[in-house]
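Novice: Whenever a hint applies, use it, and build me the whole structure from the sequences.
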Amino acid sequence: MLKIGSGAGFSGDRIDPAIELAEKGKLDYLVLECLAERTIALAQKRKKADTAFGYDPLLEKRIRSLLPTLLENNVRLITNMGAANPVGGAKKIIEIAEEMGLRVKVAAVIGDDVLPYILQNRESFEFNPKLSESVPILSANAYLGASAIVPAIETGADVIITGRVADPSLFLAPMIHHFGWSTEDFNLMGKGTVIGHLLECGGQLTGGFFADPGKKDVSGLSHLGFPLAEVQPDGSALLTKLPGTGGALTLRTVKEQLLYEVMDPSSYVTPDVVADFTTVSLKEDGDDRILVTGGGGKEWPSELKASIGYDAGFIGEGEITYAGENAIGRAELAGVIVQERLQNHFEEITVDYIGVTSAHRGSFAYKGRPYEVRLRVAGKTYEREKANWIGEEVEALYTNGPAGGGGARKYFNEVVGIVSTMVPRESVKAELKVMEVKTNGA
Amino acid sequence: MARKLYELAHSRAGDKGDVLMLSLIPYEEGIYEALREQVTADRVKHHLNHIVKGEVTRYEMPNIAALQFVCQGALLGGVTTSPGMDTHGKTLSYALLEMEVDL
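Listed in order, the protein sequences are those of chains A and B. My numbering puts the first residue of the first sequence at 1, with every later residue one more than the last. My numbering puts the first residue of the second sequence at 1, with every later residue one more than the last.
Any given hint could turn out to be false.
Stated by the list, open to error - Below are the EDC-like pairs computed for lysine to aspartate or glutamate, each with C-alpha atoms no more than 20 Å apart in a straight line:
hint	chain 1	residue 1	chain 2	residue 2
1	A	Lys298	A	Glu184
2	B	Lys53	A	Glu261
3	A	Lys216	B	Glu55
4	A	Lys433	A	Glu95
5	A	Lys216	B	Glu37
Calculated from the structure, these hints are not laboratory results. Given the structure is predicted, the values throughout are model-derived calculations rather than measurements.
Specialist: In structure tokens:
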């Protein structure tokens, strides 16, 4: 049996549940999945500014709070917090360990950065969606699979840090290593991928992003416990969470997560396998215990997916609230005024009425008037100054718009676009860099 | 009797680029067949016509009594460049649950 915990489901995830898992989970491995599609392009920007950076901005905080507990409990860490710079991230971990007087061995998995290859062969790639020739590309990262991570585990490293890898592969790799599975046993690769997919979003398996009071009640969400899996050599697993933690692990929460972000459930493509979720079977085995059996897979795809980050300019936004009688009428007048002031200067101005139309674009609005409405105006541009202008015009509604507008806020953000493409497997070579703190320092 | 899907089923939205995925999971597995008959890809496409610009494909998961709808062109270009409010489309599971079925 192999015990794997899931300690983070996105870059900004909470840290306490991971610490609790490391302390009390009797885990073999803790996995932290922290890398969203655009995160790596933003990280690449930071690396350009300073080559020591480019790893996850929360790496230091996470490692400082987790490393002593992990080492003490003999739990190995696998994480994609390397982002655009796994070697830089590994060096930082070594630095932290030295400072804390801890012995640690860190293996960095590199080779996902295919930017030079993409730039060299730019014309020959089909980008989905299309990317015009003039658009500046910031980053290009191929999705590595479990077979890139297994050699890092084999070094005996306490911490394995990667850049872009397929999320389920972070979990599949320790299964391959522990059980001695052949990476060409696609049935097992498929089963392991199902378990990895279920775990990769942390709390989303254990009642996070699930509760709907009166309909889908979940208790103790303020101390939501993250999931762990007890994996068997045949690729089945028991999913559970620590006793005393909040949340819920039920057939319903697991079903939602099994289908989360899945296109074709019979062909879930990773670098390791084309996994089949249509043969997965779920069974309750007591409170907060779900047995996962079945699932399978076919041979891995001949090409690897790569995410390309590009500079998409800036987005400017402004918001202001109207309340009381005719709130919607005054908000709509404000929207028209700002639109008239800006429309000839932007390709598109988006006007939303928060509380009425902003999330579902006007579909299904309930009858009756909202008591308060927040106007939101947004637009994209390649000029920084122009992006700021949108928020300024919304703010100016204080003295230049309808009666009773309050709480104006303006926002301005850089936009990194992401497109995907396929690259030949041969163009991607995964490598390792291992570093170590051998003696207890200080 | 006309009933909102919200009463009968739950849903989670996911996104990949400009593609929105919506699961539909009945609270009682026994009504999976009825939902399968009534909540077709065409009906979902019609129901979400202000939101989904492209095709809707439905996948059936009898093994867990659930349906999955994959909606193309639904996220104003996708999470990274959308000028919209909910760039991921995470709230859109509840747009699906606004649909009515006869049960």
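Novice: The structure should be examined with respect to each hint, and the outcome stated for every one.
Specialist: Comparing the hints with the structure gives:
1. Lys298(A) / Glu184(A): holds (9 Å)
2. Lys53(B) / Glu261(A): Distance of about 19 Å is within 20 Å: holds.
3. Lys216(A) / Glu55(B): violated (30 Å)
4. Lys433(A) / Glu95(A): Cα-Cα ~16 Å, so holds.
5. Lys216(A) / Glu37(B): Roughly 25 Å between the alpha carbons, so the hint for Lys216(A) and Glu37(B) is violated.
Of the numbered hints listed earlier, those contradicted by the structure are 3 and 5.
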